[in-house]
Amino acid sequence: MSTMSAANQSEQELGRYATIYSPTFLSKVYDHVVLRFNLRYMWRCRTDTVLEPFFAENLSRRHLDIGVATGYFPAKALSRPFRAKAKQSITLADLTPPPLNAARARILSKASNTTVETVVADVTESPPKELQNSSFDSISMFNLFHCIPGDEKLKAFSLYKDLLAEGGVLTGCTVLGGNHATNRLNYLYVKLYNRLGIFHNWNDEKEAFERALTDNFEEVETTLVGMILLFRATKPRRS
509 MSTMSAANQS EQELGRYATI YSPTFLSKVY DHVVLRFNLR YMWRCRTDTV
559 LEPFFAENLS RRHLDIGVAT GYFPAKALSR PFRAKAKQSI TLADLTPPPL
609 NAARARILSK ASNTTVETVV ADVTESPPKE LQNSSFDSIS MFNLFHCIPG
659 DEKLKAFSLY KDLLAEGGVL TGCTVLGGNH ATNRLNYLYV KLYNRLGIFH
709 NWNDEKEAFE RALTDNFEEV ETTLVGMILL FRATKPRRS
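In this text, residue positions in the sequence shown follow the numbering used here: the first is 509, and each later residue adds one.
Treat each hint with caution, since some may be false.
Computed spacing ranges between beta-carbons, pair by pair [to be verified]: (1) 674 - 718: 22 to 28 Å; (2) 545 - 722: 31 to 37 Å; (3) 636 - 727: 35 to 41 Å.
To be clear, the hints were calculated from the coordinates, so they are not data collected in a lab.
Just so it is clear, CB atoms sit at the ideal spot from N, CA and C, and this is done for glycine as well.
Start from the sequences and build out the full structure, keeping to the hints where you can.
Rendered as structure tokens:
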């Protein structure tokens with residue numbers, strides 16, 4: 509593929525992402541469809557009983573959230589009584605401004621003492637200059653990888669692992685591809701999402717994520733709940 513065609517493809521993908529994750533979609537659709545309906549009934553992994561506690565248990569006071577959507581998970585975690593009035597620093601990274609703006613506003617509405625920074629970043633590329641000298645005690649990548657096209661998306665682990673402080677933890681979750689469907693309905697559903705260009709995960713498999721994680725971290729835990737892979741990694745193998 510030529511440099512020009514690759515650049516054009518990247519611009520097309522960015523445009524599609526911006527169209528899908530528009531302010532209207534984020535404010536009126538995302539939580540209801542993605543977090544309540546899809547996760548529970550299609551991907552067979554509940555937001556309230558599985559993903560919320562998983563996120564909260566691994567949230568530190570210096571946190572980087574990549575792929576923020578509406579900011580649902582950090583806002584929920586920070587609204588807990590022992591966190592809501594505590595000093596907290598969180599950096600939000602996403603491909604376009606609308607999710608960053610939505611997430612920042614939501615977090616501050618629940619935890620006004622939180623310092624919130626926003627950074628436009630592509631997780632498949634080296635961290636932008638705003639992040640290069642940063643260090644975080646926790647990094648989250650929730651519902652991120654199934655939205656990223658291309659075969660190189662798992663290099664995100666190698667690109668971002670050095671932002672973890674000593675003793676830090678990286679966590680995340682992703683919808684896996686058709687081979688991990690648990691029934692005919694979610695097989696057809698994930699196939700449709702790929703055909704529409706909403707997802708890019710048809711060939712995503714648990715083993716590939718585990719290999720990429722163990723290549724970059726000494727300690728890795730994964731759990732499959734329905735079609736959702738949860739992962740937790742510590743002790744990054746330093747570059």
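Checked hints:
1. 674 - 718: 22 to 28 Å: Holds, at about 24 Å.
2. 545 - 722: 31 to 37 Å: holds, 33 Å
3. 636 - 727: 35 to 41 Å: violated, 28 Å
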